[in-house]
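Participant: Each chain, written out:
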Amino acid sequence: AQSVTQPDIHITVSEGASLELRCNYSYGATPYLFWYVQSPGQGLQLLLKYFSGDTLVQGIKGFEAEFKRSQSSFNLRKPSVHWSDAAEYFCAVGEVTTDSWGKLQFGAGTQVVVTP
Amino acid sequence: GAVVSQHPSWVICKSGTSVKIECRSLDFQATTMFWYRQFPKQSLMLMATSNEGSKATYEQGVEKDKFLINHASLTLSTLTVTSAHPEDSSFYICSARDWTSGSETGELFFGEGSRLTVL
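For the record, the sequence lines run as chains A and B. Under my numbering, think of the first position of the first sequence as 13, with each following residue one higher. Under my numbering, think of the first position of the second sequence as 18, with each following residue one higher.
Note that these hints are calculated values from the structure, not bench results. Hints may contain errors.
[Said to hold, decoys possible] Listed next, the in silico EDC-like pairs over lysine to aspartate or glutamate satisfying Cα-Cα at most 16 Å (straight line):
#, chain 1, residue 1, chain 2, residue 2
1, B, K81, B, E129
2, B, K58, A, E107
3, A, K61, B, D105
4, A, K80, A, E32
5, B, K37, B, E76
6, B, K83, B, E104
7, B, K31, B, E124
8, B, K58, A, D20
9, A, K61, A, D20
Generate the whole structure from the sequences, applying the supplied hints.
Facilitator: Now the structure itself:
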């Protein structure tokens, strides 16, 4: 069975500092990989996704993620965090089949707090 | 870009009543939509896959008679929480797959979510 693990439940980072959020997955093959951000009481916003090709993926808001097959990881990074980046971040895995593509399994989420 | 809209955004109901939540794809047709629920400070859990013109496919542990899903048109899926109880209070989010974006894999869009509070 596939699974997604976000080891860090909560991260506090200073504004302007770098941020890295970890995500590990367990899947029979290379799945579709996603990072979403959710502000309190809001829906999900897609930051970036990986389907194939270049393993370093650029997203919105200055975020990037690197797919490492050998480590089954898809960690999210941002070089310099802004106060507006405080939110909940979810890593998700999607099945790579035509019919079920769209069914996502989400990690538990990482709450990011940004301090002045 | 494509938008998925949910209605209502907030709903409060009395225990024992039924509540309907709509998920619409506003500028594309979606043969498949997905329903998730999210408890406070928790992750999203897939409830079911909504298929236009056919029965929904429910995930293990989700009560089919409790959470009725109807995908009557290519732009609308509805989730009805029947005989709602306080434990059904949650944030319900839908998503829809757009195959018309030109991408080989299509694009996935999420709605804004609907918060249900059962008193």
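Participant: A separate judgement is required for each hint: does it hold in the structure or not?
Facilitator: We went through each hint and held it up to the structure:
Taken as a hint, the K81/B and E129/B pair is broken in the structure, with Cα atoms around 24 Å apart against an allowance of 16 Å. For the suggested pair K58/B and E107/A, the alpha carbons sit about 25 Å apart, so the restraint of at most 16 Å is broken. This hinted pair does not check out: K61/A and D105/B have alpha carbons roughly 31 Å apart, beyond 16 Å. Distance hint between K80/A and E32/A is fulfilled; the C-alpha atoms sit about 15 Å from each other, no more than 16 Å.
Between K37/B and E76/B the alpha-carbon distance is near 20 Å, which puts this suggested pair outside the 16 Å criterion. The hinted pair formed by K83/B and E104/B meets the criterion: a straight-line CA distance of about 12 Å does not exceed 16 Å. At most 16 Å may separate the alpha-carbon atoms for a hinted pair to count; K31/B and E124/B exceed this at roughly 37 Å. Between K58/B and D20/A the alpha-carbon distance is near 14 Å, which keeps this suggested pair within the 16 Å criterion.
For the suggested pair K61/A and D20/A, the alpha carbons sit about 20 Å apart, so the restraint of at most 16 Å is broken.
The earlier numbered hints that this structure contradicts are 1, 2, 3, 5, 7, 9.
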